[in-house]
Every structure is written in structure tokens, then in C-alpha cells.
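Engineer: So the protein lines, in turn, are chains E and H.
Residues 1379 to 1801 in the numbering used here are what the first sequence lists, from first letter to last.
Residues 1379 to 1801 in the numbering used here are what the second sequence lists, from first letter to last.
Think of the hints as simulated: they come from the structure by calculation, not from any bench.
One thing to keep in mind: the hints can contain errors.
[To be verified] FRET-style restraints, in silico, Cβ to Cβ: (1) G1737/E with E1588/H: 53 to 59 Å; (2) N1633/H with E1793/E: 26 to 32 Å; (3) K1658/E with K1475/H: 54 to 60 Å; (4) G1769/H with F1404/E: 48 to 54 Å; (5) D1529/E with R1470/H: 43 to 49 Å; (6) T1446/H with G1785/E: 54 to 60 Å; (7) A1783/H with N1614/E: 40 to 46 Å; (8) T1395/H with A1659/E: 42 to 48 Å; (9) F1404/E with T1395/H: 30 to 36 Å; (10) T1395/H with S1587/E: 41 to 47 Å; (11) E1701/H with A1746/E: 38 to 44 Å.
[Unchecked claim] Straight-line alpha carbon distances no greater than 30 Å define the calculated DSS-like cross-link-like pairs of lysine-lysine that follow: (12) K1568/H with K1476/E; (13) K1728/H with K1736/E; (14) K1568/H with K1448/E; (15) K1607/E with K1476/H.
Since the model is a prediction, treat every value here as computed from it, not as a measurement.
Each residue gets a CB set at the ideal place from its N, CA and C atoms; glycine is no exception.
Protein chains: 2
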Amino acid sequence: MKQTPQLPKGTRDFYPTDMRVQNHIFSIWRQAALKFGYEEYEGPTFEHLELYTGKSGDEIVAQLYNFTDKGGRALALRPEMTPTLARLVIQRGNELKKPFKWFSIPRLFRYERSQKGRLREFFQLNLDIIGTDSISAEADLLVAIATMLFDFGLNEKDFAIGVSSRRLLAAFLESLEVAEPNSIYPILDKRLKMPAEAFEKELLNAGLSEEKAKTLNAFMSCASIEELKNFDNLSNAIAELEELFELLKAAGVENCVKLDLSVVRGLAYYTGIVFEVFDKAKNMRAIAGGGRYDSLTETLGGQRATGVGFGMGDVVLADLLAEKNLLSQSRSDLQIFIASFNNDMKILFKTATELRKKGISCSHSLNAVKFSKQLELANAANAKCVIFADGKESKNGTWEYKILATGEQGVESLENILRRTKI
Amino acid sequence: MKQTPQLPKGTRDFYPTDMRVQNHIFSIWRQAALKFGYEEYEGPTFEHLELYTGKSGDEIVAQLYNFTDKGGRALALRPEMTPTLARLVIQRGNELKKPFKWFSIPRLFRYERSQKGRLREFFQLNLDIIGTDSISAEADLLVAIATMLFDFGLNEKDFAIGVSSRRLLAAFLESLEVAEPNSIYPILDKRLKMPAEAFEKELLNAGLSEEKAKTLNAFMSCASIEELKNFDNLSNAIAELEELFELLKAAGVENCVKLDLSVVRGLAYYTGIVFEVFDKAKNMRAIAGGGRYDSLTETLGGQRATGVGFGMGDVVLADLLAEKNLLSQSRSDLQIFIASFNNDMKILFKTATELRKKGISCSHSLNAVKFSKQLELANAANAKCVIFADGKESKNGTWEYKILATGEQGVESLENILRRTKI
């Protein structure tokens, strides 16, 4: 016998039990996005390679599934959705009435070492607002994140949204008269991953004086907007953060959002507020991350269009939900299994059509098997209820039934059977 | 300015208006599959190349998006779902209780000349039943096809399902004592695309006597099971077809299914009943196609598992639905747009949270703009209704509102506003 081909590394199969969990995640994502007035869009699974190298430079190629097609085109499976979104925005230009709020649930691909919380193929919810400078856009996104995590059953004890500001960091580095702020960001990004002395040493190596390094360390320790006010020259950036937190308070999600200057993210890309969502214990990778990117369409050769958005992957989220016991196995969607004492396939098909015309999901044995075997099949299919068809019952509108979860049986109209089944 | 990257050839962008149409198709597909008790599954977007070459030989590579990943693996974007399904079945072996009914809506990729009805990237509904030899499985699939096409608003005048039988053809060719039946199938497949004389000539070239060629032509012209009975040695295959048509009649879909011996399909693959769905005018490519494949898992190195299934692509289906005016632009899903006379963003955020907690989808301006501009935004967002928030209305539970489609306005409770909006 030949060796059977295996699942490619870093990808997943979704058997029906896995798919039900996955559909639960998609459903909460989609409902939340619609509840906030975001409209769904999609793009192709692969794009021209230059869409990614144009935005992030050639280094990104190492993390891509890129290939040349039979027509000689350099293509790449999409590693993120934002470049596709930028392309869509550029293509339609002024035809699109701005601002607009869009969402998508793309499948994404990254050639990375696969490990806990990180796969080579995954799904990612994206919410973006294009065409407004208003901090209300950031607020709308952050409220949406908190709301959807609540909708999954999580609460403020389970996750925290950390917010920082690119503008704030830039203003502070400017006030410190740092010659090359871009060389400092990577150090700030690692701050929490090293001892305080090591952090200060790296700053000294980067050319900062001992005094400036101490000031910067003190600044980065700020955990509230009040503390930020001890520093000069930050009033614009602070005002923006204050406005943001006031809106979050009005929306009732202030308890899950906090100032967190350790959130730095890819700074070549973001231009304003940046944020990341973590499990409270910070045992996992980020659940979501995003921020304002006001120059992306220009970078790609289009007109300027301001943007702010975030991505939330399915892998870390599912890990957290599983840890909190919020991904309980749902049963299948099958409402009724039709069984027949006399094994008449024609009666089974006829009855199934009758039920489906009423919008009821139903199934039945596809083989003429004995009654006990049909009940086994009903159980295997996870049907909620079995009804017994011998071609007569439907005449007076009642059916003999058995609810599988409780064992309750009787004779009732379909309506009543469905009502009892839902209990 | 740099040239903006373009959409890759043969793929599609789905702006929100396109996505609503696409989601309508997905929704009818999914509801129909669930109504028939099929359970959803998914697999990875790419597989090891050998999964496809193992089934269809190396010729298929010309039509694939295949590539070598950075770890040296030969991979291919999936051109169809059946090989992945076979892999899933082989992997779990006897753990999976058979028979089972599964569906999937994979995104598929074929490197072909893109033209009307055929793209390089498309979606395809797949329904499959694994693990039963019973003709009821074919019946279940055919009833599901007819039902979902009805659910789209099509009727028997719009489409026809043509059914043929690999077994019937084989039995007939055997009774004709044709030496190499496999050389005849490609000729049968082309029969309707050439004049009758040309068809007979090809049969003569393939080594058939003039008499056998005439008999074969007469056989292929049979349009009903009754006519088939004029030929000998076909009783088993005819009995199977008769049983199938009886079940289709019991399910009430007999008017959209007919015997059609011109349906041949890839015969290396199928082993029993085969079928194709066409628009009645036969102006388009096939809407769907499928059949019984009883040796696929064995071909791939696994245990034998009988299967029967079909695929229905989104492209031809959408063309047909558009032609019949059955893809009318649905409005957005946004129920309520919240406007504010005094531009208080905090009240807008607070009100939005209130409404969303009741499960209502709502949005509002993200900038403090004047009232008339807010109404413009409500129209642009295609909201069904605008309510006016000044921070007081919610106290007595009523809101000033305006329904955008009718212009109706008044002051009502949210419940009543939603009720009126749905009219």
C-alpha cells in the first residue's frame, strides 16, 4: 500500500467537531462586527508579491509563502489583510464614501516555525475604519474588541487591552532631544523582557546620556495618564489619550483598557494610537493588535487615506477560550432523525421533504436497516429528536417522537415536538 | 508615484456590495446542507502535491497552482475538495462512524484560462456521503441539489439535472463485446458536440463494426428508462436507476431530474451513478456535477470507503441567478444609525452600547459633524432607521426616529421602532 499523503505542516484539518468550534468563533466575530455597523469584504487568497514587499520591504519575503505561477507572476499567499484593504481603497479612490467601517475574516499564511499559538495557516478577524482622523475611530475599534470578547464569555479578569501612542513616544523622544528615535524603538519594545539595568545599558549604548536613560525609564514606567503629566511637551498626545479614555468610559469598557507604554508594535507601519490585547496572566501571545496607519495607501502608490484597524487571530483566542472552558462541544445542528418501522425508503424521503419544507433539518437512514440500528444512527448523528414515520402519522398532523437527550417520548404535532425538543 | 499592485488575474475582490451577494449564496448553501443533515468540515488551503498526482496522475499538475515551500515541500493550492476529504477519511479510518454526510465550502484554485463561468479562484459547495453503497445516497444528494436551487428562487424551468450511470454504460459496452471500453468513453463524451455521422465515424475508427456503432448510437439516444429496456443485459443497472427515480419521485423532485446518457464525466474517477446540473437553455457551463467514486481512498493508499458526492461552484450559479434576477442587491445589515443634535460623542458611544446590549446593530458618526451631515452618513451606511440621541430620550424609554426607506418619523420605544422598521 502506498503511503497516504499527510496534512501539511502548520495547517489544520477541521473534522465536524472541530468545525463547530470554529464556526462558533466565526459567528461571534461576525455578529459583533455587524452589531457595530462594519460591512464585510474579501479579497483573493494570493496577491502580487510586490504588494507586500512594497509595504514592508524585502525582509518580509522570508516569512511568506511566495511562488511564481505558470504565467511567470510573482505571487504570495496573503500574510495579512491590510495590504489587500489598502489596494481596494486605492482602486476605488473617491468612489468610496469615507469614512467607512469594514470587516473581513481572511485566511492568512505565514512561513514561520509553528508553535503554541502560531500556525502557518490561520484565520484572522480584521476590523478597519478608513477615512477619519478622529480618535472616535480608535474608540469604536477598542469597544468592539471588548464587546466581542465579552460575547465569547470572557470578562475583565480574563483579558486586558493595552493602549499606547506612537505620537506620545515620538513627542517624548523629541523632548529628550534623542538624535535617532528609530534606533530607540526596538529597545523600548524589549524593555519588559530584560532587567532594568540591562535596559538602561542598552540605552547608553544607543548614545543616550545616563540622565536621559533614567528619564526614559521613568517615562516608560508610567501606568496612567496622570503620571504622564509629570513630563513636558506631551500635551497634544495626552489630550488625545484622554479623549480616547473618556469615550471608552462612556461606552462602559474602561475597566478592560489601560495605558501600557510597553506596547510598541511595528513602528514603521503605525502612526498614532497602537494597542494589543493579552490574556490577563500574559501567558500567551497577543490575542489581537492594531493601531492607526495613516500613510499606507501612499506607500503603495495611492492617494492618502487615513486608517485604523486591528487583527484578531483564531489560534490564541481559541486557546484562551478553551482554558476558560468557554469552548464546550456543541451538539450537531440536526433537529430530527426520521425512523421507519417498516424500512420504507420512499416514506422516509417523502417525510424528509415535508419536514424540510417547514425549514426543519432532518436526516434518516440511507439503508433499509432494522429499527434498533436506525436509533443507533440517530444517536451517531447527534439528532435532537427521533420521529417515527410509517406513512400514516402525517395525516392527522401528529407524530410519535422520542427526545434523545431526555428519553421523553409521546405523540404530538411537529410544532409541539420542536418546542419540547428545545427545552 | 509608484504603480499600485493590481488584483491577480482570474481572482476577485469582494467589496461590501459584492460580499452581500456572496454571503447570500453561502447562506442558502449552508442552510440547505444543514437542513439535509450534512455536517460541515474544512481542510487546509494547500496540500502535498502528491495528494493530487496520486489520484489523477501527473497531467493534472498543468492546471495547478503548485510550488515548493521554504522547507522544500512540493505543495499545491487545492483544485478540488474530494482528495482532502479522502485524506480525512483515511486518517481517522474506523473511528468515523459510517455512513456519514459531510459538506464543505472550500475556496479552490485552478490555473486555467479564465473566461465566462470559469475563474482561477472560486468557491465550491461540496456534499458527500461516505460509507454506503445504497442508491439512497445518490437520491439524498440529488434532492439536496434540487432543493437548494429552489431555495435560491429557481424553478424546474430554469435548470435540469441529467443522470447517467457508469455501470449502465459499462454493461452495454460489455454486451456489445467492445474490446477496449476505455477508448470509447471520450467519444461518447463528445457525442452531442458533433454531427451524428461524425460520431459514427469516430466509433468505426475506434474499431467498432458499422452495426455496433448504430446500436451504440441508438442506445445513447435513449431519453427514458423505458427505452433502455429495449437493450439486453442491462437489468441490474436499470433496476438501480429505477430505484433512484422512485426515491426522487417520493421526494417530489422528479420533474427536475432526467436520464441523460450524454453525461459521461471523468470516468477514471467515477464508478456508478454520475450527474450534471445545467441551466435549461444549456447556455452556460455545468452548475454542479458529481457521482459515485468507490475506489478513491484505496487509490490514495487507504482502506476502501465508498463515496458519492458533488461540487457546485459559485461562479456559474451566480451568473444564472443574475440572469434570472434572483441576486437583487440586499441592503446592509445596519439596523439603526444614531444621530445627535448637539454632537456629543460621549452620548453617541453610550447610546450605541445600550442598543448593542439589546443585540441591535448600530453605528454613528465618528466625527462631531452637523446634524444634516449625520443624516447623509446614515444614508451612506444604508441604515434602516435613524434615532436621535441627546442623552435624555432613553430615560422614558422612547426615542425620536426616522425610517429612511419610507420617511416615516415619530417617537416610540425601541421595540416599536424595530417592529416598524421591518415593514
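Engineer: So, for every hint listed, does it hold in this structure?
Structural biologist: Hints, verified against the model:
1. G1737/E with E1588/H: 53 to 59 Å: holds (57 Å)
2. N1633/H with E1793/E: 26 to 32 Å: Because 30 Å falls inside the window, the suggested range holds.
3. K1658/E with K1475/H: 54 to 60 Å: Violated: the Cβ-Cβ distance is about 41 Å, outside 54 to 60 Å.
4. G1769/H with F1404/E: 48 to 54 Å: At 36 Å between Cβs, range violated.
5. D1529/E with R1470/H: 43 to 49 Å: violated (32 Å)
6. T1446/H with G1785/E: 54 to 60 Å: holds (57 Å)
7. A1783/H with N1614/E: 40 to 46 Å: Taking Cβ atoms as reference, A1783/H and N1614/E lie about 43 Å apart, which means the hint holds.
8. T1395/H with A1659/E: 42 to 48 Å: holds (43 Å)
9. F1404/E with T1395/H: 30 to 36 Å: For T1395/H against F1404/E, whose Cβ atoms are near 21 Å apart, the range 30 to 36 Å is violated.
10. T1395/H with S1587/E: 41 to 47 Å: Violated, at about 58 Å.
11. E1701/H with A1746/E: 38 to 44 Å: The hint (38 to 44 Å, Cβ to Cβ) holds, given that E1701/H and A1746/E are roughly 42 Å apart.
12. K1568/H with K1476/E: violated (53 Å)
13. K1728/H with K1736/E: Violated. K1728/H to K1736/E sits at ~41 Å, over the 30 Å cutoff.
14. K1568/H with K1448/E: holds (29 Å)
15. K1607/E with K1476/H: violated (68 Å)
Violated hints, listed in ascending order, are 3, 4, 5, 9, 10, 12, 13 and 15; each of the other numbered hints is respected by the structure.
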